[in-house]
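Engineer: Following the hints, complete the assembly by docking chains B, C and D onto the known chain A.
Listed below, chain by chain, are the residues.
There are 4 protein chains.
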Amino acid sequence: MMKRIIGGVVATLGIALAASALADEKWFPSKWGPDDEIGAANYLSPDKVLAASKLVRTGKTYALGVTVNRLTPAFPPRRCDIYIVQPNQVGSATGLGPTSTTYNDDILNCWIGIGSQIDGLGHIGVGDTYYNGNKWADIAPITGLKKFGIHNVPPIVTRGVVLDIAGYRGVAMLTEGEAINQAEIEGAAAKQGIEIREGDVVLLHTGWMSILDSDPQRFGKAEPGLGMGGAKYLVSKGVVAVGADTWGVEAVPFEKGEGIFGVHQELLARNGTYILENMNTMELVADKAWEFLFVLGQPRYEGAVQAMINPVAIR
Amino acid sequence: MMKRIIGGVVATLGIALAASALADEKWFPSKWGPDDEIGAANYLSPDKVLAASKLVRTGKTYALGVTVNRLTPAFPPRRCDIYIVQPNQVGSATGLGPTSTTYNDDILNCWIGIGSQIDGLGHIGVGDTYYNGNKWADIAPITGLKKFGIHNVPPIVTRGVVLDIAGYRGVAMLTEGEAINQAEIEGAAAKQGIEIREGDVVLLHTGWMSILDSDPQRFGKAEPGLGMGGAKYLVSKGVVAVGADTWGVEAVPFEKGEGIFGVHQELLARNGTYILENMNTMELVADKAWEFLFVLGQPRYEGAVQAMINPVAIR
Amino acid sequence: MMKRIIGGVVATLGIALAASALADEKWFPSKWGPDDEIGAANYLSPDKVLAASKLVRTGKTYALGVTVNRLTPAFPPRRCDIYIVQPNQVGSATGLGPTSTTYNDDILNCWIGIGSQIDGLGHIGVGDTYYNGNKWADIAPITGLKKFGIHNVPPIVTRGVVLDIAGYRGVAMLTEGEAINQAEIEGAAAKQGIEIREGDVVLLHTGWMSILDSDPQRFGKAEPGLGMGGAKYLVSKGVVAVGADTWGVEAVPFEKGEGIFGVHQELLARNGTYILENMNTMELVADKAWEFLFVLGQPRYEGAVQAMINPVAIR
Amino acid sequence: MMKRIIGGVVATLGIALAASALADEKWFPSKWGPDDEIGAANYLSPDKVLAASKLVRTGKTYALGVTVNRLTPAFPPRRCDIYIVQPNQVGSATGLGPTSTTYNDDILNCWIGIGSQIDGLGHIGVGDTYYNGNKWADIAPITGLKKFGIHNVPPIVTRGVVLDIAGYRGVAMLTEGEAINQAEIEGAAAKQGIEIREGDVVLLHTGWMSILDSDPQRFGKAEPGLGMGGAKYLVSKGVVAVGADTWGVEAVPFEKGEGIFGVHQELLARNGTYILENMNTMELVADKAWEFLFVLGQPRYEGAVQAMINPVAIR
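Protein chains in written order, with the numbering used here: chain A, 1 to 315; chain B, 1 to 315; chain C, 1 to 315; chain D, 1 to 315.
Think of the hints as simulated: they come from the structure by calculation, not from any bench.
All figures in this text were calculated on a predicted structure; none of them were measured in a lab.
Think of the CB as a built atom: it goes at the ideal place given N, C-alpha and C, for glycine as much as any other residue.
Mixed in with the good hints there might be a few duds.
Quick list of the computed label-pair ranges, beta carbon to beta carbon [to be verified]:
#	chain 1	residue 1	chain 2	residue 2	range
1	C	Asp287	A	Lys146	54 to 64 Å
2	B	Asp138	A	Pro216	27 to 37 Å
3	B	Leu71	C	Lys26	50 to 60 Å
4	B	Gln217	D	Asn88	34 to 44 Å
5	A	Glu186	B	Gln217	51 to 61 Å
6	B	Leu71	C	Pro141	19 to 29 Å
7	C	Asp47	D	Ser214	29 to 39 Å
Not the full set, but computed from the structure, chain C residues with beta-carbon under 8 Å of chain D [claimed, not checked]:
#	residue
8	Asp47
9	Lys60
10	Gly65
11	Gly95
12	Leu96
13	Thr101
14	Thr102
15	Gly113
16	His123
17	Asp128
18	Pro141
19	Gly259
20	Phe261
21	Gln306
22	Pro311
Here are the simulated lysine to aspartate or glutamate pairs, EDC-like style, with alpha carbons at most 20 Å apart [claimed, not checked]:
#	chain 1	residue 1	chain 2	residue 2
23	D	Lys54	C	Asp47
24	C	Lys54	D	Asp47
25	A	Lys135	A	Asp36
26	A	Lys221	B	Asp105
27	A	Lys147	B	Asp81
28	A	Lys135	B	Asp105
29	D	Lys146	C	Asp81
30	B	Lys54	A	Glu291
31	C	Lys54	C	Glu198
32	A	Lys60	B	Asp47
33	B	Lys146	A	Asp81
34	B	Lys60	A	Asp47
35	C	Lys146	D	Asp105
36	B	Lys54	A	Asp47
Isolated chain A (complex conformation):
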């Protein structure tokens, strides 16, 4: 028996070494203190809102959220069903009361992580450790996150910028696994004549969404996206959130050596930077609307990890 125990300890030690290497990084407490729960949303400020409001020059608005239905490709086994119901109104249109009121209602049986969504800081961890050093087991009961519930994220109202990475590369669409790193980000920004500032929401246009309807299987299986270097660079700039016109924002297949959804870990867990998936950047790019007032008020399910969203760009 002893042998079995010792073997177990040794095996466990291997794991402990790996885990401790990760722990050595000292990525918590967060720069906003050990009690912080909103991460990069701390960069938001009335001054930045005011400044961003000056970017509105034409009054054109852009819905950055895509339409979601049963067929929207999503990370398995995510699914989304909606049912339109007419409670207690069978067989007649005479409806309720003297004015014949009839009505439709709707029920969602739906994973939140489908279509356009914001990933909250409780979505991804490094082992059992989540943003700001919180332990997984402490925050994730089945009835709702105890910390980082999406309902606690304040409205994200700030300057938004879109980087036309596809345009910078001179292609209509990047391909699977193509990573966007510092050079591409700086290059695209320079070409567009914009700079990235603290408090910004940065959206990457890869062109990938152009195949969402025409080839949903390819769309959902892999994607171009942010690389680890790009993620660290954007974090260093103090952005509030990073979005893209892809389902997962980061390059898939993942960059060599960067783990599984390592960019998610870098952004969410280590730095409290929000991720915005499936952002429709097509019209912004077509209009060369490189900077704009970005407004996101996400639905506030208590303790939700994510939210289905439709941010608005205003210009």
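Structural biologist: Showing chains B, C and D alone in chain A's frame:
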């Protein structure tokens, strides 16, 4: 047998007469033509967006949506459950891949019509007739509305105004069934020194939300709210949407003679005016933030009747 | 205006005539009185149970229910998802308490009408009229049937017989739309040397289930099955329920002139005879187990229309 | 750093020791071999079916399952909603086709573990180890158990016995935490003049269900039930399943020193013995129907942990 048929016809005739009286109102085609599907959202325009953006003077933002959970009172039998899940990660925190990626995800089993929500134009009908004369049976399959799906509503970005009806009445909170009509709307606006303009979103502050947490049963059973006269007045002003800090916006118990949810019928079906329920107006009123930039990008479930929302007021 | 009303009346009259023709059939009150809610389950009796128990001669049991999963073909838009969850047990296997209790649980987001199922008497109506003359609007609130809820059906324990219609026809499998009527039923019974008695559950073996896994699309799109003549014949025999190895028991495409799911109407609404869908009759037929003790205890969701079942044949 | 690692190892060792103590029990491989997946269902046999069928003497049947609805008390956060829907039939009762077919359908948003249920062998583990030594992580993906899915349990048709523990104790109802152990089981069996045999399903009547409707809160918070000694005794007898008229079968609060749901661990994980919860034993006891033919065909959701059931006792 013949007698029974004739009886049936006569009974049917009674219904036909009632229905025809309603039909006589000639409330369709809509003022935006027989093919219109977005109603008062047609009032939105870049000019109004641009003008509203000038209302941003301090950069303060307001989340108008409330937090929703299992206990949020709602029209029966509406319910909302969220489940936080860790797909395929049982029994260990070593996670996926060399960087130990772990994650939480979430599933909603939820009626949309709970908490802060926008009622789309397909929510309420007059018998079998919906906005712009559309027939109920033509638009409401169980898998999603064929017309008036909430995904088709453009971002609502415009001037918002809040009317402090409670303040105008000199009370902290209006009471059940208390109807807000033209006199109160004009009176409150005058007292606050603001006017209601075409394209506005108008929010009524009744104080009712102050009991949402402390007495959810009372909150959900009845409410003060818009009366028929007030609804017609706001429609005449050309507002895009009417909201309130109550679950149903209109006075419940209903005004005498106005039917069951007659104000809903007036706003949604007859005039294509959107309804915004459970809007948290408390901080706006505390700040006397009477007018502001209103921004709503609702999640875009295809064919949904309603959407859970969290509009943002910016000032 | 008057013209429109009159037109409406005439149109309504047309409907009324059609409806009255149906009404003329005098199919209610039921033979078990105007208050009956269980229909052919009234044929069940202790005597028949006792007699059927004598059919047990080898002690072999047969699960007549099929396995259901996400891919099981079903009438659109029916879907079925199951989620295995580990509530509040993230990141560790140390579990609860000193004995390290861990557990899995499961959540169903599922239409009941998938896979092996019993159709209750509230499933299908003739216009607004359901079994025993009940009005649709009186029995079908969204939260559960007021009458004919599946929870009220007593255990169906009685003699079961399987008719090998495919064998009688000399084929491995009947084809789409092929109707089984009195001649086939009598012929198969005679060939097998069995008779159909009052209180029996009769299962039709068409062979159709042999393609359930190999060609689910074909399986779900159409089917051989009971014709109207066969349905009336079985009703005349006083059977409690009719089942088959198909998703809908009746022939699809429907027999000419028999309407849409007319056999369902005949069995459920007009005669209170239960329908058992997707019954796995393969092994019974392979064993020539023509008669047996049939036992069905269906899950008792209050007010459910149907139930997912797995009846047991014992021989 | 090294110190932290070593500390981790030591801490881990503590856990390993605890786990190894449990592991030392050598409760696997199972008595039916290392590949067995059905546990005590191996006791079932045609001979026992045949013998049990002889217990049918009056032909009376008993539905052992209770009715389940929204209010049925259950282990938090389990909930169960059913929705009755009329797909695509709004506003009229003319229905489909020339015979005016109308229909109701039903959708379940429901935890399976509510009301009368069978716990499969994948429900409860000892740390990361489940029945027959299977590792938790290997068997429990979110889309369905890989082993011990309830769909694989054969029909449980065998001799059933009910032990009137309340009667043996001379009370109408046992109280919270009252444990039923070998003495009570033997005593009740002796008083009733029956013996417990290999292959039996044993149901314990505590009277607890008499308060299910009148005091659901008390019913669901605690319960009398099987103690560890009783569990071991029944296992030694070779029973297939143990049920009771309580929500969890075992005594709650748990017996001192027996852990959290330790009886569940003993029955399911260590011995492959099924658990039947919320069995309605009232009428059996009233009839002194001490032994009977027990028949359970559970719905076969692929990979489900549990199933909602309604076993039938026949006598």
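Engineer: Confirm or reject each hint.
Structural biologist: Each hint, compared with the structure:
1. About 57 Å separates the C-beta atoms of C/Asp287 and A/Lys146, a value consistent with the hinted range of 54 to 64 Å.
2. Checked against the hint of 27 to 37 Å, the pair B/Asp138 and A/Pro216 passes, with Cβ atoms roughly 28 Å apart.
3. For B/Leu71 paired with C/Lys26, a C-beta distance near 51 Å keeps the hint of 50 to 60 Å intact.
4. For B/Gln217 and D/Asn88, the hinted distance range of 34 to 44 Å is satisfied, since their beta carbons lie about 36 Å from each other.
5. Between A/Glu186 and B/Gln217 the beta carbons are some 58 Å apart, a value that agrees with the proposed interval 51 to 61 Å.
6. Take B/Leu71 and C/Pro141: their Cβ atoms lie about 23 Å apart, and the range 19 to 29 Å holds.
7. Checked against the hint of 29 to 39 Å, the C-beta distance between C/Asp47 and D/Ser214 comes to roughly 36 Å, which is consistent with it.
8. The interface hint given for C/Asp47 holds, since its Cβ lies 6 Å from the closest Cβ of chain D, which is under the 8 Å cut-off.
9. A distance limit of 8 Å between C-beta atoms decides the matter here; for C/Lys60 the minimum to chain D is near 5 Å, and the interface restraint holds.
10. Residue-level restraint check for C/Gly65 holds (minimum Cβ-Cβ distance to chain D is 5 Å; threshold 8 Å).
11. At about 6 Å, the closest approach between the beta carbon of C/Gly95 and any beta carbon in chain D falls short of 8 Å, and the interface hint on this residue holds.
12. Interface hint status for C/Leu96: upheld, as the beta-carbon distance to the closest one in chain D is roughly 4 Å, under 8 Å.
13. With a cut of 8 Å, the hint placing C/Thr101 at the interface with chain D holds, because the nearest CB-to-CB distance is about 5 Å.
14. Against a cut-off of 8 Å between C-beta atoms, the interface hint on C/Thr102 holds, since the closest Cβ of chain D lies about 4 Å away.
15. For C/Gly113, the interface hint holds, the least distance from its beta-carbon to any beta-carbon of chain D being 6 Å, beneath 8 Å.
16. With a least beta-carbon distance of about 6 Å to chain D, the hint placing C/His123 at the interface is held under the 8 Å criterion.
17. Because the smallest distance between the Cβ of C/Asp128 and any Cβ of chain D comes to about 4 Å, under 8 Å, the interface hint for this residue holds.
18. The interface hint given for C/Pro141 holds, since its Cβ lies 7 Å from the closest Cβ of chain D, which is under the 8 Å cut-off.
19. Taken as an interface hint, C/Gly259 checks out: its beta carbon lies about 3 Å from the nearest beta carbon of chain D, inside 8 Å.
20. With a least beta-carbon distance of about 5 Å to chain D, the hint placing C/Phe261 at the interface is held under the 8 Å criterion.
21. This hint holds: C/Gln306 has a C-beta 6 Å from the nearest C-beta of chain D, less than the 8 Å allowed.
22. Interface hint at C/Pro311: satisfied, since its Cβ lies 6 Å from the closest Cβ of chain D, which is below the 8 Å cut-off.
23. Distance hint between D/Lys54 and C/Asp47 is fulfilled; the C-alpha atoms sit about 15 Å from each other, no more than 20 Å.
24. Among the hinted pairs, C/Lys54 with D/Asp47 is consistent with the structure: their alpha-carbon atoms are about 15 Å apart, no more than 20 Å.
25. For the hint linking A/Lys135 to A/Asp36, the alpha-carbon distance of about 14 Å falls within 20 Å, and the restraint holds.
26. The straight-line distance between the Cα atoms of A/Lys221 and B/Asp105 is roughly 19 Å, inside the 20 Å bound, and the hint therefore holds.
27. Of the pairs offered as hints, the one joining A/Lys147 and B/Asp81 holds, with about 18 Å between alpha carbons and a cut-off of 20 Å not exceeded.
28. Our distance criterion of 20 Å between C-alpha atoms is met by A/Lys135 and B/Asp105, whose separation comes to about 16 Å.
29. For a cut-off of 20 Å, the pair hint linking D/Lys146 to C/Asp81 stands: about 16 Å separates their Cα positions.
30. The straight-line distance between the Cα atoms of B/Lys54 and A/Glu291 is roughly 18 Å, inside the 20 Å bound, and the hint therefore holds.
31. A distance of roughly 17 Å separates the Cα atoms of C/Lys54 and C/Glu198; the hinted pair therefore holds under the 20 Å criterion.
32. Straight-line distance between C-alpha atoms of A/Lys60 and B/Asp47 comes to about 9 Å, which keeps the hinted pair within the 20 Å bound.
33. With a CA separation close to 16 Å, the supplied pair B/Lys146 and A/Asp81 stays within the 20 Å bound.
34. For the hint pairing B/Lys60 with A/Asp47, the CA-to-CA distance comes to about 9 Å; that is within 20 Å, so the pair holds.
35. Between the alpha carbons of C/Lys146 and D/Asp105 the distance comes to roughly 14 Å, so the proposed pair stays at or under 20 Å and holds.
36. For a cut-off of 20 Å, the pair hint linking B/Lys54 to A/Asp47 stands: about 15 Å separates their Cα positions.
When held up to the earlier numbered hints, the structure conflicts with none and fits them all.
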